[in-house]
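Asker: Chains D and E are the protein sequences, given in the same order. Those letters in the first sequence? Residues 0 to 258, by numbering that gives the first Met the number 0. Those letters in the second sequence? Residues 0 to 286, by numbering that gives the first Met the number 0.
Hints are computed from structural coordinates only; laboratory data are not their basis. No experiment lies behind these values; they were computed from the predicted model shown. Every residue gets a Cβ at the ideal spot worked out from N, C-alpha and C, and that includes glycine. A hint or two may mislead.
[Stated by the list, open to error] Which chain D residues stay away from chain E? Per the calculated CB distances, all over 12 Å, these: (1) PHE27; (2) LEU37; (3) TYR50; (4) LEU66; (5) LEU67; (6) THR75; (7) TYR128; (8) THR143; (9) ARG257.
[Unchecked claim] Selected chain E positions facing chain D (Cβ under 7 Å, derived; list incomplete): (10) ASN98; (11) HIS100; (12) THR125; (13) LYS197; (14) ASP234; (15) GLY237; (16) SER240; (17) THR244; (18) ALA246; (19) ALA261; (20) LEU265; (21) TYR267.
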Amino acid sequence: MSEFKETFNSSLGKKLIMALTGLFLCTFLIVHVGGNLLLFKHDDGFAFNVYANFLTHFPPIEVIAYLLYLSILVHTLYAIVLTVKNRKARPVGYAVTSSDNAKWQSRNMGLLGSILFLFIVIHMSDFWYNYKYTDNVPYKEYRTDLSSGITQSVEFVPTSPKFENSVTTENNFEIVRVKDLHERVKGSFSNVWYVIFYVLAMLAISFHLRHGFQSAFRTLGWVHKKYTPVVQFVGTWLFAVIIPLSFALMPIVYFFTRN
Amino acid sequence: MRFEVLNRNTTQDFRLRTTDFIKMSNGNMNLTLKVWRQKNAQTAGKFVNYKAEGISPDMSFLEMLDVVNEGLIHKGEDPIHFDHDCREGICGMCSLYINGHPHGPKRAITTCQLHMRTFHDGETVTIEPWRAGPFPVIKDLAVDRSAFDRIQQAGGYVSVNTGGVPDANEIAIPKVIADEAFNSATCIGCGACVAACKNASAMLFVSAKIKQFSLLPQGQPERYRRVQSMVAQMDAEGFGSCTNTGACEAECPKEIKLTNIAGMNLDYFSAKLFRQEELHEQGHGEG
Chain D
0 MSEFKETFNS
10 SLGKKLIMAL
20 TGLFLCTFLI
30 VHVGGNLLLF
40 KHDDGFAFNV
50 YANFLTHFPP
60 IEVIAYLLYL
70 SILVHTLYAI
80 VLTVKNRKAR
90 PVGYAVTSSD
100 NAKWQSRNMG
110 LLGSILFLFI
120 VIHMSDFWYN
130 YKYTDNVPYK
140 EYRTDLSSGI
150 TQSVEFVPTS
160 PKFENSVTTE
170 NNFEIVRVKD
180 LHERVKGSFS
190 NVWYVIFYVL
200 AMLAISFHLR
210 HGFQSAFRTL
220 GWVHKKYTPV
230 VQFVGTWLFA
240 VIIPLSFALM
250 PIVYFFTRN
Chain E
0 MRFEVLNRNT
10 TQDFRLRTTD
20 FIKMSNGNMN
30 LTLKVWRQKN
40 AQTAGKFVNY
50 KAEGISPDMS
60 FLEMLDVVNE
70 GLIHKGEDPI
80 HFDHDCREGI
90 CGMCSLYING
100 HPHGPKRAIT
110 TCQLHMRTFH
120 DGETVTIEPW
130 RAGPFPVIKD
140 LAVDRSAFDR
150 IQQAGGYVSV
160 NTGGVPDANE
170 IAIPKVIADE
180 AFNSATCIGC
190 GACVAACKNA
200 SAMLFVSAKI
210 KQFSLLPQGQ
220 PERYRRVQSM
230 VAQMDAEGFG
240 SCTNTGACEA
250 ECPKEIKLTN
260 IAGMNLDYFS
270 AKLFRQEELH
280 EQGHGEG
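Produce the complete structure using the sequences and hints provided.
Answerer: This is the structure we're talking about:
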């Protein structure tokens, strides 16, 4: 067996891949929640739509995006491989098991991860796929009066099917024409079942990261009297509370403030 | 002394304690045991119920099983097979998965140190063997733990030169390092970590056996080759992977810390990814 294969096929090597992809996905969440906070701006989606347009048309981000999709798939695949191997290590189960020797989330990472994978598939097919590969997302035109700074939005139907976006200045008006993802967000978040599913998924991500973030550092071998408490704090408060709560508030707020 | 302390508490507390003493002196616990019986690794096993009657609360769990076995032998039945040796918590031979816990419900003790006063009269106690593919059942509650021996043989040693006896304390070792290494070295290799882990992972055992040497100067020459050999053997035996649940640490009779596993990971990745001169493949003589 080659050295490379021996390293990454070993139980520790597979754990290393889980930890690294997991932490990469964690860093993505920070960016994702930061950008999506623009949904809370009362500007008829101007900032959010410009941001979505930027993400899909800036080449370096597109490269990172593909790295991200790969990470999701590798993390999922290795989780399945490791789970199968772990199940095989105990062919006959116990009649009586106890649950007080480990935290619930640490024993149910597979269940939480499965919920999250289902969520990611639904989430990406709803927004990402429709935005990038279909005409299901309408366009909008934002006209900003450069002297007063007031922005007004109007419907816009592109004449050419190849139209993607445009920024022009006419008669002291800045005209921005972009896909109106915000409209699709509003549509999705007006469905109560969708909102419930999103909130449950965010609860799952909270528990998943409550264990996963600090566990990744343990797997990497970084345990330190001084720094592990910092990792625990960040894993608990940022990744298990602030980020999932911010995400969960988006569908909730949109649902209760819908017209 | 004990009465003095208790007398200072309320009278009600005192009365409760007195009844406890009466119960203990009578030694009249009756239990139902649900025991895993299995002829050998090839045949399927099943649970069989036994009555354990007139059990003193002062008995250890193994002594209780001795009493039950004596009854079985008198009746001409096959006694329950279970592993035991020193019966003072240091040999790592006793096992038993009792009511969902390796070595029973109490923390930081082995089964031989578990007393029957932990259970209450009339309780049903479920006793199972360690469950793991690499620990096949030999008979009933006794499992074959030679997988641990093979992992140890793969690298759990230090090489020592023959010759004159070196002076004691010739090599300076800081107290904190000596203490840490000793904590890891207290692992008795009983396999409770494997039994407790939902993945049947042996990483707590393996990491303790690695760290007891990797911290000390005497362990340095083989440090990076040891971790690779032992992890390779651990994988070959078919143990699961660690998911850092911490169940092993919670159930370990010697309270071996989960941090050992992180230490093992660090040495392993360091060896595999950054120390090409230490690569496992490049023939260090291990066979």
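Asker: Taking the hints in turn, state whether each one holds.
Answerer: Each hint tested on the structure:
no., hint, result
1, PHE27, "22 Å, holds"
2, LEU37, "36 Å, holds"
3, TYR50, "36 Å, holds"
4, LEU66, "20 Å, holds"
5, LEU67, "23 Å, holds"
6, THR75, "15 Å, holds"
7, TYR128, "32 Å, holds"
8, THR143, "51 Å, holds"
9, ARG257, "41 Å, holds"
10, ASN98, "6 Å, holds"
11, HIS100, "5 Å, holds"
12, THR125, "5 Å, holds"
13, LYS197, "6 Å, holds"
14, ASP234, "5 Å, holds"
15, GLY237, "6 Å, holds"
16, SER240, "4 Å, holds"
17, THR244, "4 Å, holds"
18, ALA246, "4 Å, holds"
19, ALA261, "4 Å, holds"
20, LEU265, "3 Å, holds"
21, TYR267, "5 Å, holds"
Hint compliance for this structure: every hint is met.
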